[in-house]
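Here is how the chains run, residue by residue.
Protein chains: 4
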Amino acid sequence: MAYVEFNALSTVLGGSFTARAFLPGLDRLDLKDARHQKRYPVLWLLHTDGESSLEFLKTPVEGLAERYGFIAIAPDLHHSMGVDMKWGPNVEKFLTHELRGIFRHILPVSELREENFIGGTGTGGYAALKCACKHPSLFSKAFSLNGILDMERLIARTSAGEVTGVPQTAEALEAVFGGAGEFAGGPDDLFSLAERSQESVFYLCAEKGFDYHEDSRALAALLGEKAAFVSLDAGADCESCQVSMRGAVKWLFQ
Amino acid sequence: MAYVEFNALSTVLGGSFTARAFLPGLDRLDLKDARHQKRYPVLWLLHTDGESSLEFLKTPVEGLAERYGFIAIAPDLHHSMGVDMKWGPNVEKFLTHELRGIFRHILPVSELREENFIGGTGTGGYAALKCACKHPSLFSKAFSLNGILDMERLIARTSAGEVTGVPQTAEALEAVFGGAGEFAGGPDDLFSLAERSQESVFYLCAEKGFDYHEDSRALAALLGEKAAFVSLDAGADCESCQVSMRGAVKWLFQ
Amino acid sequence: MAYVEFNALSTVLGGSFTARAFLPGLDRLDLKDARHQKRYPVLWLLHTDGESSLEFLKTPVEGLAERYGFIAIAPDLHHSMGVDMKWGPNVEKFLTHELRGIFRHILPVSELREENFIGGTGTGGYAALKCACKHPSLFSKAFSLNGILDMERLIARTSAGEVTGVPQTAEALEAVFGGAGEFAGGPDDLFSLAERSQESVFYLCAEKGFDYHEDSRALAALLGEKAAFVSLDAGADCESCQVSMRGAVKWLFQ
Amino acid sequence: MAYVEFNALSTVLGGSFTARAFLPGLDRLDLKDARHQKRYPVLWLLHTDGESSLEFLKTPVEGLAERYGFIAIAPDLHHSMGVDMKWGPNVEKFLTHELRGIFRHILPVSELREENFIGGTGTGGYAALKCACKHPSLFSKAFSLNGILDMERLIARTSAGEVTGVPQTAEALEAVFGGAGEFAGGPDDLFSLAERSQESVFYLCAEKGFDYHEDSRALAALLGEKAAFVSLDAGADCESCQVSMRGAVKWLFQ
Chain A
123 MAYVEFNALS TVLGGSFTAR AFLPGLDRLD LKDARHQKRY PVLWLLHTDG ESSLEFLKTP
183 VEGLAERYGF IAIAPDLHHS MGVDMKWGPN VEKFLTHELR GIFRHILPVS ELREENFIGG
243 TGTGGYAALK CACKHPSLFS KAFSLNGILD MERLIARTSA GEVTGVPQTA EALEAVFGGA
303 GEFAGGPDDL FSLAERSQES VFYLCAEKGF DYHEDSRALA ALLGEKAAFV SLDAGADCES
363 CQVSMRGAVK WLFQ
Chain B
123 MAYVEFNALS TVLGGSFTAR AFLPGLDRLD LKDARHQKRY PVLWLLHTDG ESSLEFLKTP
183 VEGLAERYGF IAIAPDLHHS MGVDMKWGPN VEKFLTHELR GIFRHILPVS ELREENFIGG
243 TGTGGYAALK CACKHPSLFS KAFSLNGILD MERLIARTSA GEVTGVPQTA EALEAVFGGA
303 GEFAGGPDDL FSLAERSQES VFYLCAEKGF DYHEDSRALA ALLGEKAAFV SLDAGADCES
363 CQVSMRGAVK WLFQ
Chain C
123 MAYVEFNALS TVLGGSFTAR AFLPGLDRLD LKDARHQKRY PVLWLLHTDG ESSLEFLKTP
183 VEGLAERYGF IAIAPDLHHS MGVDMKWGPN VEKFLTHELR GIFRHILPVS ELREENFIGG
243 TGTGGYAALK CACKHPSLFS KAFSLNGILD MERLIARTSA GEVTGVPQTA EALEAVFGGA
303 GEFAGGPDDL FSLAERSQES VFYLCAEKGF DYHEDSRALA ALLGEKAAFV SLDAGADCES
363 CQVSMRGAVK WLFQ
Chain D
123 MAYVEFNALS TVLGGSFTAR AFLPGLDRLD LKDARHQKRY PVLWLLHTDG ESSLEFLKTP
183 VEGLAERYGF IAIAPDLHHS MGVDMKWGPN VEKFLTHELR GIFRHILPVS ELREENFIGG
243 TGTGGYAALK CACKHPSLFS KAFSLNGILD MERLIARTSA GEVTGVPQTA EALEAVFGGA
303 GEFAGGPDDL FSLAERSQES VFYLCAEKGF DYHEDSRALA ALLGEKAAFV SLDAGADCES
363 CQVSMRGAVK WLFQ
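Heads up: the sequence lines are chains A, B, C and D, in that order. Just so it is clear: in the first sequence, position 253 is 375 by my numbering, and no numbers are missing. Just so it is clear: in the second sequence, position 21 is 143 by my numbering, and no numbers are missing. Just so it is clear: in the third sequence, position 79 is 201 by my numbering, and no numbers are missing. Just so it is clear: in the fourth sequence, position 58 is 180 by my numbering, and no numbers are missing.
These aren't lab readings, by the way, just hints derived from the structure by calculation. Just so it is clear, the structure is predicted and the values come from calculations on it, not from any experiment. We treat Cβ as the ideally placed atom computed from N, Cα and C, and that holds for glycine. Be aware that one or more of the hints could be misleading.
What the hints assert, rightly or not - Which residues of chain C face chain A? A partial, calculated answer using Cβ under 10 Å:
hint: 1; residue: L176
hint: 2; residue: K180
hint: 3; residue: T181
hint: 4; residue: E184
hint: 5; residue: G185
hint: 6; residue: G331
hint: 7; residue: F332
hint: 8; residue: C360
hint: 9; residue: E361
hint: 10; residue: Q364
hint: 11; residue: V365
hint: 12; residue: R368
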């Protein structure tokens, strides 16, 4: 097992970014591959708003990377929600192009669609599913763990002054998504994108009692056969994806 | 000597932030202070846009913290320019209130104005001098190393499509400062603030040949007797503040 | 919540060391404590041999520090087993004196015996219980999670060429403990120390099926009323102390 | 530019180790290399005793990796001096075999002798030159910056109770090298190895006034035409290899 922290420059973001990666240990790397052409499946992991990629150190992903033989890469997204921000950097472009290019040249990660997966927690679940819906040629499978998925509703609730549990002000959400009227049916509307999604498959897992549990159920219903939906007992995940991450990764490699 | 990396939650920023700190070693800490009431002078360090607080590991600040007996704390600012962003978090508020509160409760840093200093490099020099001008009750001394200080001109040049060396798009600068027309004379206009500044003192250092060398000279002229201006030979700083940081810290403690 | 990584110099170890700490968030710190004299209970956490302090990022300790209002500090021990090594640094001395002194001067940690706890996993459990037995004036409570506690047997098995699961060679164990004949009844013999221990109380938790499960049961029996022993179902801890760390911390603060 | 921190498992060391790496930025990586077979020259960097690989963040190595297009990798050595310790791990074996294997499979580093360099500071200079002398098929060039090279003398002075500036006790040095009588002419005696070295070339740089300046001069004399010796004015290196690292890397790529 290896845990790696990267600090590198991004042209798209106009500055340095941090990403954390989890790799299988030496005994899982193919040391007899003298030409070193072996490439590993890669899972792109997106944290929820208000957290950072450090969040994934609490989950079982490092052990799973070892067991299943893949590389997981989690970039810091700050308050971007993984979106090409209206007033801010083009983080979706960064995630779907530059980040993949950077790591393909640094780490032995696969370029193949069949070996590229994307997943996230909370609003990172939204970002992961959205990337998969919009870029089906890049990611074959996507998952969301306790996803916060319905951004239209989050924007409306935030504007109405409700306590949403997502640490974003109405202004901050406007910097990300533009004015509320611009969202529905636009390039960041996951539910609208999901209706048209055809090629990828999805795994949505949420705990009972989680505020946004219905987001996952509703989106899974919309995705139909392309989606698996798993509802966990309240507290089952020990606040660190102990059950859901294991379930999602098992699903990726089944 | 000690180098410390913090990952903590900010209410003002609505999420986690990273800061790096440099502390004197045990032999410089007053171990006979049985009640541990000793507080150390603190230097708040602001990096330039496009970099992160990692930038300061290249400078001699760790050794200087040891030699002079102070604590330096450098938060990551991302693309905020240290400003209460028009479309984004209130980073000036974070820097001048919350960050100080957090660290005063974690580390043995002084609350006294006479022992609170703020400095920065590039656009971090702008942010540092601006904080000192606007909050003279918090910081007694401020410095700028190869500062990029004239934001009005930077905004204009960026809008005109010039290559500025600062990795910000016109839109990104608008997210920070609002529309160009809003800047002059406003709460982020350092040159305007400097005219009225009365209580703090300033140290501005820039290398000959640096694109923004004139920014420092012009601002120092405006500040008059309150400012010291030092012009270094091109390359003297070894791209890592070898001369300017030593000069600035010596000035802080003279 | 805050996660902090320290790199500092140790005189006892003759060089730099790394430690990771977990602090309550700002809302748990007493911000009205204007003189900042509030000191928090402190839990010293010792990792198992072959791992590093990164191990604790997988456990629920950060959330527990937040919930119960304490500070946890986990130093890297490398292959020292937390012992004053026969051929190597005096790590027990470092743990029980210098480390406490360094952090008492940097972080707001309590000096009081009643608010100083020590715990560990695997061989770190051995080190934690041993420190508590030998230094009852420093630590009031100690715990071991899936502890590897019987060093005499580990040395014997390693010498006999058995696969122990502890990545130490016979020579490496000799560098730590000296020759096999020197161990029994000596300063590092936890079972011998435990017989005489009178002042501290202990919590030992182990999973059924864990190779060293009997170590915990046997030591708890020896400690008698001073020890609580908890046996978990196999796999209950999700390989990351999900149940045992919560149980131990609850026990500390009950 | 990229700065990367690795935490990985070593079979040889029997546990986790930390290494820091510096990579060229994306614009220096060959993105048109669709098969990703491009491999970069690699510089293995060894820190001095008492420090860690963090030491190299202060040096200009990150910028040099960018400018010259190589990857630098600096493992933490703790108190091993880079030696197969008498009482402790086989760190020379780790450095010359396992570490190279691990990184060849993770990062795009060259396996070719002509593109493998090793260098160090202080006692890391000793370790680097020794590895190059003993393993000429692995490293084509080696350098030492303010090297502490004459271990026989260091052992003798430490045994005699002199203050050497190297934070090792006599016992610790015995754990590394064995008894004093075992050293001369043995597998770790750099001066003895240097007499027989034939294939590699060396660069030794030391500041005037540095306590061990004569070590470099004497070894360079012994190596004869295979070595370049550069003596810097006292203080020229700004305590962070500002001149010597630039000189050494220029020499590597000339």
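**Request:** List, from low to high, the hint numbers that the structure doesn't satisfy.
**Result:** 6 and 7
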